[in-house]
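With the hints as your guide, set chain B with the ligands onto chain A.
Protein chains in written order, with my numbering: chain A, 1 to 257; chain B, 258 to 692.
Hints listed in this document are in silico derivations from the structure and should not be mistaken for laboratory results.
Every residue gets a Cβ at the ideal spot worked out from N, C-alpha and C, and that includes glycine.
The reader is advised that the hints may include incorrect statements.
As the list claims (entries may be wrong) - Keeping only pairs whose Cα atoms sit at most 16 Å apart, straight-line, the calculated EDC-like set for lysine to aspartate or glutamate is:
id, chain 1, residue 1, chain 2, residue 2
1, A, Lys213, A, Glu192
2, B, Lys486, B, Glu561
3, A, Lys88, B, Asp387
4, A, Lys213, B, Asp560
5, A, Lys88, B, Glu561
6, B, Lys312, B, Asp387
7, B, Lys486, B, Asp387
8, A, Lys213, A, Asp169
9, A, Lys88, A, Glu177
Stated by the list, open to error - Facing chain A, from chain B, some residues (calculated, C-beta under 8 Å):
id, residue
10, Ile541
11, Asn544
12, Ala563
Unchecked claim - Covered stretches of chain B (in silico footprint by chain A; criterion: 3 or more residues with CB under 8 Å from a CB of chain A, positions within the stretch not fixed):
id, region
13, 549-560
14, 566-572
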Amino acid sequence: MSLLRVEQLTHYFGGLRAVHNFSLTIEAGRMHGLIGPNGAGKTTIFNLITGVHAPTAGRVVFAGEEITGLQPHRIAARGLGRTFQDLKLWRHMTVLEHVKMARYATIGYGLIGAFFGTPRRRREEAEIEENACRLLEMLGIEHLAEQVVTNLPYGVQRRVEMARALALDPRLLLLDEPTVGMTPEELNQMMELIRRINGELGLAILLIEHRMKMVMELCRHISVVVFGDLIAEGAPAAIQNDRRVIEAYLGKDTVAT
Amino acid sequence: MQTVSQIIPAADKPRRVARVFGHTPFLAWLLGAAAAVLLEHLLGETFAGLVGLSKVPVLFGLMILMSKPLLFPGALLYVAVIYLLPLLCVAGLLTRPANLVAAALLRFGPAFAVIVHLALFYGVLHFWADISGYRELTVKFTLIAVLLTLSLNLINGYMGEFSCSHPGFMALGAYGASTFTLTLFVNNPLFGKALLPGFLGPWLFPLGLVFGGLLASLGALLIAIPSFKTRGDYLAIISLAFLFIVKSLLENLPFLGGPRGMGGQPDYAGLPVVFAWTAMGVWIMNNYVRSTLGKSLNAIRDDEAAAEAMSVDTRHTKMTAFMFAAFWAGVAGGLFAHVMRFINPATFGVQRLAEMLAMVYFGGLNSVYGSIVGAVSLNLLGEALRPLELFKWIFIPLLLILVMIFRPTGLLAFREFDAVRLVRPLDRDSQGGAP
Ligand SMILES: Nc1ncnc2c1ncn2[C@@H]1O[C@H](COP(=O)(O)OP(=O)(O)O)[C@@H](O)[C@H]1O
Ligand SMILES: [Mg+2]
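Extracted from the complex, chain A is given alone in its bound form (with noise of 0.2 Å):
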């Protein structure tokens, strides 16, 4: 049984029809590519997926059960955790804290230990806190623990952003062009943790990138939608040497280059 399986998937936005019968399958711990020019439909897919937005048409099966339609934070208490292209971190709260906050779905003391502070409430503050300092400590960043995330180089959000989703414990991680912006020096970090991520926990990863190369490093199988449309899959050597591919996305670029 694979993990994700996504069959047939259509979303308009009003008139404009921004994804067209997308299918998809990820088998669990693999890692997988999403390429496409800017526009194509790629974060369209992510917020298909994760319950953003309801598809127009067809399904979402992600561990055997469906989950179109659903609330996204039902879908990512169900372990799909996801970061944002454009870094959603919440703008005062610390690099802790943001961790933290992913185990919501996790807490079991409800309000009654929320309003009294019951021993419940204390224990599993207490390992839900510890959680979090092993996830910073993987990902180098604990000793900002206790710094709002403001205040942080645009490398670090990034880090901070992948602990939170992690934190969700996942069994599928959606990267959102995870390097979109950074200096060379962070992008060969991140490309380290996202192997790192995907070999120690692994986790499967569906990942996003526009830089052609990273992604043929990083994924055995990758897909490429334009405007919407799923043009080809496959293996990297495949993909570079589709001729759809090249005309429509590598373009200009392989030419030049």
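Frame of chain A; chain B with the ligands shown alone:
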């Protein structure tokens, strides 16, 4: 006098002040305040006469600031000699022993230390308020204002929505609790003969307050269902409409007294009762906003889409927080009704809303300290401006505008309130021996 000069160095040596008072724990300040209050009880009257005042200045001389400005210097002198001098001397002198005591208290557990401090604080407040009935009344209203401000802060600050219905919730609580006590314990023209013996009243009064609070929560549910259905800024409009509906409903229900209101509430809301409820409300609300469950309010405010993507049930959180805030506004309303012992619909109008918003935004968003500071300072300001009643309604909106321009989040925004940290000893030994 030698000790005084050791403790209060010349003003041009702020470093030394910081060094002297940097290790002064909260306990020492409380003891200093206790000394000041004691001094006032012993010498207040006499000293007031010496500086040309006819009686002890009730609120630091703020009340005569407008009506008899010529007497104000005398009041300032009074504040300096009767309050500040003993406060600083005793706090400074007792720094070392108070640190030892604070450390000893903590050894019995943080809850014990906090309760001892709270009891001492109450004692000081009680004896300070004891001097005049007017002072006691102001203290009660200020405590109630703290509850109102903090609960409104939950929505407008912590959650980042804009709610206008707080006076409406207060009204529901006030009318709910009043109906409860008047029906059960008082022979009263509106509700007839008392149903229960009067001596039960003070003991069952908490039930009346909770009843009022729940009524307010129910009102909040009516607002929350349409407001939080979809994303968008509907809350401001819907809650404002709710405020007007509640007010005109109360004006048009003759069995609740109509526009003339409801009076004769029994005298159940003494200072200890009001203080206990305020302390409990602050404690519970602060517990909530410091838990991961409650921090989700901040996540919703800062980025709702990200909160959803991180498994936060945003709609549920918003609705519970809104009803929770309304509950405390309702409790505050019930207390208010039993302090005033008279309520009418006009009390819970837009003016009250402006006052509450001013307290929240002046004191500071997303902050318990801010809510306390906002409630206290605006209540004192209100008393100072009382002789110019009309001007109050120019000053307070003006203040709101100035705050918005120069410090949009308020004086003490985004501070975490940790009672255990507040009461800890501050000497070097207790801070892990760091130099
Ligand atoms: N919320 C929205 N409302 C209307 N149009 C949208 C919305 N989100 C995206 N679009 C449109 O859908 C198309 C695909 O956008 P997007 O998925 O963001 O592309 P990509 O991530 O591949 O760059 C674009 O034309 C964009 O303008
Ligand atoms: Mg995009």
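Hints, one by one, checked against the model:
1. A/Lys213 x A/Glu192: holds, 14 Å
2. B/Lys486 x B/Glu561: It holds: about 14 Å lies between the C-alpha atoms, which stays within 16 Å.
3. A/Lys88 x B/Asp387: violated, 53 Å
4. A/Lys213 x B/Asp560: violated, 32 Å
5. A/Lys88 x B/Glu561: This hinted pair holds, its Cα atoms lying about 9 Å apart.
6. B/Lys312 x B/Asp387: holds, 14 Å
7. B/Lys486 x B/Asp387: Judged against 16 Å, a Cα distance of about 50 Å means the pair is violated.
8. A/Lys213 x A/Asp169: violated, 29 Å
9. A/Lys88 x A/Glu177: Given that 16 Å is the threshold and the Cα spacing comes to 13 Å, the pair holds.
10. Ile541: holds, 5 Å
11. Asn544: holds, 5 Å
12. Ala563: The hint holds - B/Ala563 has a Cβ within 8 Å of chain A, the shortest such distance being about 4 Å.
13. 549-560: holds (count 10)
14. 566-572: holds (count 6)
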